[in-house]
Structure formats: C-alpha cells, structure tokens
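Go by the hints and put chain B onto chain A.
Residue numbers (our numbering), protein chains in the order written: chain A, 54 to 403; chain B, 4 to 262.
Think of the hints as simulated: they come from the structure by calculation, not from any bench.
Careful, some of the hints might be misleading.
Said to hold, decoys possible - 27 Å max Cα-Cα, derived DSS-like pairs, lysine-lysine:
1. B:Lys111 / B:Lys185
2. B:Lys147 / B:Lys162
3. B:Lys162 / B:Lys6
4. B:Lys111 / A:Lys186
5. A:Lys381 / B:Lys231
6. A:Lys185 / A:Lys273
7. A:Lys282 / A:Lys185
8. B:Lys231 / A:Lys282
9. A:Lys185 / A:Lys83
10. A:Lys83 / B:Lys231
11. A:Lys185 / B:Lys231
12. B:Lys185 / A:Lys83
13. A:Lys55 / A:Lys185
14. A:Lys273 / A:Lys186
15. A:Lys83 / A:Lys273
16. A:Lys186 / A:Lys393
17. B:Lys185 / A:Lys381
18. A:Lys55 / A:Lys265
19. A:Lys381 / A:Lys273
20. A:Lys282 / A:Lys381
21. A:Lys185 / A:Lys381
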Amino acid sequence: MKEKFLPGERVEDLAEYLSQRYRLWAPAAKEGAFVFAQVVDAGDISMDYSTTLLPPKHAFLPTAEILASVDLQTGEADSVRPDDPPPAIFGVHPCDLNGLARLDQAMREPPADAAYHRANAGAFIVGLACLKKCRPEAFCDSTETFRPNGHFDLHLTPMEGGFWTSVQSDAGRALADDTGLFEVPTDRQRAEYEHVRRGIETTFAGRRLNLKTLAADLPKIYPHRMWEKLAERCFSCGACTAVCPTCVCFDVRDEMSDGCRTANRCRSWDSCLLKDFAVVAGGENFRGRRAERIRHRMMRQGSYLARRFGLPVFCVGCGRCPHVCLGKISPLDVFEQCQKEVGSGVGRAA
Amino acid sequence: MNKLRVAFYSLTSCEGCQLAFLECEDRLLDILQQVEIVRFREASSYEGGELDADADVAFVEGSVSTAHDESAVRTIRMRSRRVVAFGACADLGGVNAIKNRQGNEAAKERVYGPYSSWIHTSDVRPVSAVVPVDFTLHGCPVDKDELVRYLYALAVGRKPADPTAPVCFECKLRENICLFHKGGTCMGPVVRGGCRAICPAYGAGCDGCRGLAPDPNVALMRTLLREKGLNSEAIRRRVDLFNASAVPEDLRRELTGYA
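Chain A with its partners taken away, still in its complex shape (with noise of 0.2 Å):
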C-alpha cells in the first residue's frame, strides 16, 4: 500500500475530479439527516457527516431496478442498462467499508449476480476514517468494524492539515497520480498521521462481544424464550433490513408496462422480517410467527453468513437499525445477552 497526503483545501477538487469521471455517490445533507446521493456540485458534499440514512449500497444494488426488459411484440429481450458511468462512491465510513465488502462477498458468490456486477464494474471507492462513534447506538467497536478494511481504492484519514491517504488499488494509484492533487507525506506528517491512527484504536477499545465464538454461540440459544421477548418489542416492519448494510435480500416481479407491449422483470429490496418473506408454494409460511422472524435476522447476521463466508461476525456495527428500531432493538444487545447465556461474553470492560 502507498501513503500520500491530501492537503485539505483539495478534498473539493479529489469528488469534482471523480465527478467528472464517474456517477459520484457522496454523502449530502438532507433535512438535518445525511444521505448518500448522486451529487453534481462537489460543494453539497458534507465531509463532516454522522452516518447516512441508507448506507451507500444502493449505488451498486438499487432499492427498486429493472433486470431486463423483454418487447412482447418481437419477443426481444434487454438486460444492458445504460451505458453511465461507473460509480464512485465517495466518503465511506470504515463500517460501510465493511458493508460494501460483505455485499460484493455475498453477490459474487456463485452463481454470480449479473445486475450487481455490471453495476458495479469499474466501480471507485474512497473511504473515510472516523475519530470517533458517530452516534450512542454504533457498536463497531465491538464488531471490530471501525478500521477500513482494505475493500477501497482510496482511504482519507482526517488530520492536521487535510487527509492521510492510504492508496489500495492499481486505480487508486493511478487516480492518485493523474489528479496531481497529492503530496508526498513528510515525515513529520506520517509520525501525526500515527498519532491519528493510534488515537482511534484507543476511541475504539471498548468491546462488549467475543467475537472468537460469537458465530458458534448463537445457535446454542436457537431455541430459548428470549426470543419471545424480543418479539414483543418487534414490529415485524422490517426498517432494521432496509438501512442495514449487509442485507442482501430481495424480491423478484415480472410486471407490464407500455399498455403491456413491454414485460419487466422488477427487483426490490425485500425483508426476512416481513411476514410473507418465507410463504413458498400451498401458503406455507415456515417463519410465521414474529419471534421467528427477528431470531432469523440476529442469527443471519451474528452466525450464518459469518460462518458461510469466514468472518467473524456479518453486522458491521454501524447502528442504524437500533437508530431506526422504534422497538429499541440492537443486535449488540442481543449478542451480548447470547454471549451470557452461553457464558462466554467478555462482559463489561471493569
């Protein structure tokens, strides 16, 4: 990896660079809240931003897409979007970082979704280090979510003066190189830049989860009553999926458009919360009952996909969905009470 440094007052000239070259997705104010949008004016970029509402991974996955498109009348089908620019995604905190990873982790995973992969190529992410929690409710302390983790092509760390800029990919070095907006660090700057770095490790100690066992752990509570319990602060409305970053799940649709001279196969975001999300064929509803739902959820993102794809935990901690909960659900809460349940919590730190 290669170190530059970004002095500050260029930060505006890095996003109208990538805006000229990309569909750049950036992180803009909206009523008082922040959200990831397609931005013309590198001026609407807030730098300084919490978390955003959706994490940015509908700028690769869409909440609402068409897959294909087929002309009933000369039974031609059309599955190339259009011919945009790649995306750039601009300012991504190190959980979202880390939600983007386990995204690309879950669609590449073969069969290979093909929408996601046209979306997606040529794709340029910038990362952007966080001093400190962005809100009461993040826990990528505990999830260890908090350090980028290397899915960038460039990775800005706030300091004295502009941005310590960690270079990850071939396109990062040479975006790097073709702006001419970087610098070589001097060494007084690296030795700052260390004291930023350390600094965050430190913001970031507290731990309330093992994450040695935490995947193991969660299937031995599968069938206990607190699951009964947290339904009861549930609404089975399925927010928490919607701003999660690693919920990869979606529904499929064919529907008419044109005076139905034009099928569209339509794909959307759905939700394991839902109360129809496992009906299959006959009306059978193999998760019917609320506490079934959300147990699916924690365990999904505690355990299942952790163990399917090797990682410790899949949640990245970012805290929108105990922000979103009106039920006051976290899943940090959740895996520690798993973790006492089993005994094998690290508990508060003394």
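Below, chain B alone, put in the same frame as chain A:
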C-alpha cells in the same frame, strides 16, 4: 386478443379513486389498448342504466351504507367475473365507517337535522362484507401506478401483486427521517404499505388508509403513541379515521387501551 372488459362503479364514496384513474392521463391511451371500459359513470355522458353491463373486472369504489348500495353491489357481483374492492372505503369501510361508532340515528340527526327522517342509512360495511371480493386495491385514494400495474396484470391474466410490507419499510427506502424522531407520531409500523410512504415523505404521519399490516404489534404501537402523549381517545380517533370497522375488536382494544 379480446380486450379486458372493465367497469367502474361507485357506492358510498367521494369518487376520488375513480378520479385517480382518470388522472393517469399520459397512460390512458396505452391502457385503452388493453381494456375496454364498459361502464364508468363519472367519466361518461352515457345516460342509460348503470348496472346493465357484463364485465370481466368490476372496480367497485365506496362502502355499502344504504339498501341501494347493497342491491347494486349484489348486481355488480352477478354481472362481473372479478370484483376489485377499489380504495379504502370499499376495502375497509373507510372514513364513512366513523359513523358506525356513533349510531345511525345520532349521525343522521347531526348531519341532516330536521330532515334526518328523509335519510335511510345502515351501518357502513366494506364490499367484502356483502359479496365475495377477488382483489383489493388499497388506499385513500388508490395509488395510480399501482392501479395501472393492477390493470395490466389483469389484462394479461396474472394475479396482481398485493404487497403487505408496513409503511415503515417503504419509508426507510425513501430515506425519510422518522416522524417519531422529529417529535411526531405515525401509524406506519403497523399499517400496510404499497403507498411508498407518501404521507410521511411529506411530513404527515400515517393514518392507516390501507388498513393494518399482517401480524401487527398493536401493543407496542400503543406504547409508542402513549409515550408521545396520545391518550386512549386520541389513539381511537387516529384508528377510526379509516379503520373504525376494519380493526378486529380485540386488536382495537389493545391499540387504544379502551376496555
């Protein structure tokens, strides 16, 4: 291919759902390639009988609140292969059903005063309480895009999709800020969506015009509304706006806290 023969009828309603269809202006010519409209009083100058047509699909707007409504909807059912409950009144009883909670005599007296004896009205019922309903288009008014999708699905012989995800889910996808976080209240967690959370998107809390979502956690809804200062009476009014007769009594009690 024969066009789908479609009829629009209205019972007790504001006829705004039919208007929603007419507002699909840029798509009406496309739609008419697929469907033949055989009755649509609100949109035609036809002066003959309204209920004398056979249809493949009847879109019935409004609730049943009079003897005339009841006989009309029975006739419509007999002459139509499919019946769609069209909009909140037909689906739930809707706003009209507020009357059910006051008693017919009191309601008549309040509205018509000295002329109340001229009026004949019964308890408001949704269409499905009188005749079997094949499909339902929810909402007050119905969503135009959903209506067009419905028509196209029926035109090609498919069962229309009927999403059940609560308003909350769609609200999050729109990146709205939760009204509870803004100090407001909303029925979105327990109400059926499909509306793309249009009310919360414009700052108005959901009032439940699509009825309850499946498996609603009404106890938690009540707790939340109470925390925001709504007492039983305020919750009852909120529920009764569209769902005075649509929420089963046990859930209604749990939601409002009224014994």
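- Message: Against the 27 Å threshold, does the CA-CA distance of lysine 111 of chain B and lysine 186 of chain A hold or violate the hint?
- Response: 61 Å, violated
- Hey, lysine 186 of chain A versus lysine 393 of chain A, does the alpha-carbon distance stay inside 27 Å? The given pair, whose Cα atoms are some 25 Å apart, holds under the 27 Å limit.
- Task: Could you grab the alpha-carbon distance between lysine 83 of chain A and lysine 273 of chain A and see if it respects the 27 Å cut-off?
- Result: Violated: lysine 83 of chain A and lysine 273 of chain A sit about 42 Å apart, past 27 Å.
- Verify the proposed pairing of lysine 381 of chain A with lysine 231 of chain B, using a straight-line Cα cut of 27 Å. Given that 27 Å is the threshold and the Cα spacing comes to 15 Å, the pair holds.
- Query: Taken at face value, is the distance from the CA of lysine 83 of chain A to the CA of lysine 185 of chain A at most 27 Å?
  - Reply: 22 Å, holds
- Distance restraint between lysine 147 of chain B and lysine 162 of chain B, which requires alpha-carbon spacing of 27 Å or less: 18 Å, holds
- Message: Between the alpha carbons of lysine 185 of chain A and lysine 231 of chain B, is the straight-line distance 27 Å or under?
- Response: 31 Å, violated
- Message: Just to be careful, I want the Cα atoms of lysine 185 of chain A and lysine 381 of chain A compared with a cutoff of 27 Å; is the pair within it?
- Response: 22 Å, holds
- Under the criterion that the straight-line Cα-Cα distance not exceed 27 Å, is the pair lysine 111 of chain B, lysine 185 of chain B satisfied? 40 Å, violated
- Message: What's the verdict on lysine 55 of chain A and lysine 265 of chain A, does the C-alpha distance respect the 27 Å limit or exceed it?
- Response: 31 Å, violated
- Is it true that the CA of lysine 282 of chain A sits at most 27 Å from the CA of lysine 381 of chain A? 13 Å, holds
- Are the Cα atoms of lysine 231 of chain B and lysine 282 of chain A separated by 27 Å or less? Holds - the C-alpha atoms of lysine 282 of chain A and lysine 231 of chain B are around 23 Å apart, at most 27 Å.
Consistency note: the structure conflicts with the earlier hints numbered 1, 4, 6, 7, 11, 14, 15, 18.
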